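Asker: Residue strings, one per chain:
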Amino acid sequence: MRYAIAVALALLAVALGLSAMPALRPWGAQPDLALVLAVCWALVWTPGEGVALAVLAGMLSDLLGPRPVGVSVLAALPALLLASLGETAIAQAAFPAALVAVALGTLAQHLVLLVVYALMGEGAPWGDALLRAALPAALMNLLWTPLVYALLRLLRTLLGPRALGPRLGG
Amino acid sequence: MVGPSFQPQPGPVLKWALWLLASTALAIASIFLSEAGALDGLRGLSLRAVAPFSLALRGASLDASDLLRGLLRRDQIARENEALRQEVEALRAELARRADASQRLAELERLLQLKSARPQDGLLGARVLAVELGPLRQAVAIDRGSDDGLRQGMVVLSEGGSLVGTVSRLYADHAWVTLLTDPRSAINVSVQTGQGDSRGVAVGRVGQMPALEMVPREAGVEDGDLVVTSGLGGKFPPGLLVGVARSVRAHPQDVFVRAEVEPAAPLSRLRTVLVLTTFQPTELGSP
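So the protein lines, in turn, are chains A and B.
Numbering of the first sequence is given in our numbering, commencing with residue 789 and proceeding in unit increments.
Numbering of the second sequence is given in our numbering, commencing with residue 18 and proceeding in unit increments.
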């Protein structure tokens, strides 16, 4: 059951990112809901499921966007790695771990994107990109994290302990 | 008697590492496949499949956004409305004057048996299927592709006729249009100042409006001056409205004006665009 919900949420996050979010961009920045969802899912359930969500949402988002397919997955992995560290190190403080993983993960995401674009010969000025792209994106993702995290905690409570099932990928 | 046997099980850390490694390998392989064009068919199929849902969602969010803006900026909208009424009136007067002038020009052309150097613009309407407005990439997907006669580099306009961008990635049934605000964009422009036209370049930037560069300080650029394509370089026809000059700063020690170009086309709210099919962009060689 929760896998079906995860897939539906990932699809919704991608669809919103390509349709509604560009129209509703407060302060000119747009949240990466798929990344926030994957990180929060990794902390509420398992890191492996978070990675699976990031792969699904990233692939779909790239297929529907102008980027090379796979680049969003690669860029999201550092955030998931941070989330897995958060899960093992401070399991009792999953929400702060989510905030840290989302903030640092978004910065790492932009670094990966910049490296990939630079390797493709389409690099952007790094200073500008970090200051005007990575930081606003990190702040915007941070703003959405409490909402997404709370939603997933509620979902976990509603589904009950039986919904936990097998742990995917660790 | 046989004692208990232990099967070595991979630990959670190892499992997790393998999981991460597999995802990285998948991502890198996809990037190579995608750049080789092996996933083009899948891209088109995916975009087509989600288009109805995406269009509905986008339409609803644009309406919601309009409503919210309207509520938050009611007084400002009333003032803008009044200013627009006055502008429309002034433009009508200007149009009437120009219609008269163009009629006289047509008469003169007939007399001199001259033909217009530029054929009538051919425009192809296209729906916006998806929007990417990230700070590193700014593009929209449209539902027209090479099957509809589109070619790489074709110029794309808004419904109002101002510049949106150029066709950058072409597929059989859809295309991606790189917006004029994309950090990779550079457009030769002409600024219509009170002292005449002055040439420069509108350069896309990360997370900001395009910068107006190479316009001499003496040109006298002011906030609100119109910025149009100059036609230099052969990638855009001359005279297309790009936007207006904003945040103009001209220090005495500067050689060039520092300014931004506010795009005239509502790039984040596009629903339909027009592809200029009769203008063929040219790639100029070295002199």
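Careful, some of the hints might be misleading.
Claimed, not checked - Distance windows between CB atoms, simulated:
1) B:GLY251 <-> A:PHE883: 53 to 63 Å
2) B:GLN169 <-> A:VAL903: 35 to 45 Å
3) B:LEU108 <-> A:LEU942: 47 to 57 Å
4) B:LEU38 <-> A:VAL903: 10 to 20 Å
5) A:GLY915 <-> B:LEU89: 32 to 42 Å
6) B:GLY251 <-> A:PRO934: 28 to 38 Å
In short, the hints are calculated from the structure, not lab data.
Computed from a predicted structure; not experimentally measured.
Glycine included, every Cβ here is placed at the ideal spot set by N, Cα and C.
Asker: Take the hints in turn and mark each one as holding or not.
Answerer: Quick rundown of the hints versus the structure:
1. B:GLY251 <-> A:PHE883: 53 to 63 Å: With a Cβ separation near 56 Å, GLY251 of chain B and PHE883 of chain A satisfy 53 to 63 Å, so the hint holds.
2. B:GLN169 <-> A:VAL903: 35 to 45 Å: 27 Å, violated
3. B:LEU108 <-> A:LEU942: 47 to 57 Å: 55 Å, holds
4. B:LEU38 <-> A:VAL903: 10 to 20 Å: 19 Å, holds
5. A:GLY915 <-> B:LEU89: 32 to 42 Å: 34 Å, holds
6. B:GLY251 <-> A:PRO934: 28 to 38 Å: The hint (28 to 38 Å, Cβ to Cβ) is violated, given that GLY251 of chain B and PRO934 of chain A are roughly 52 Å apart.
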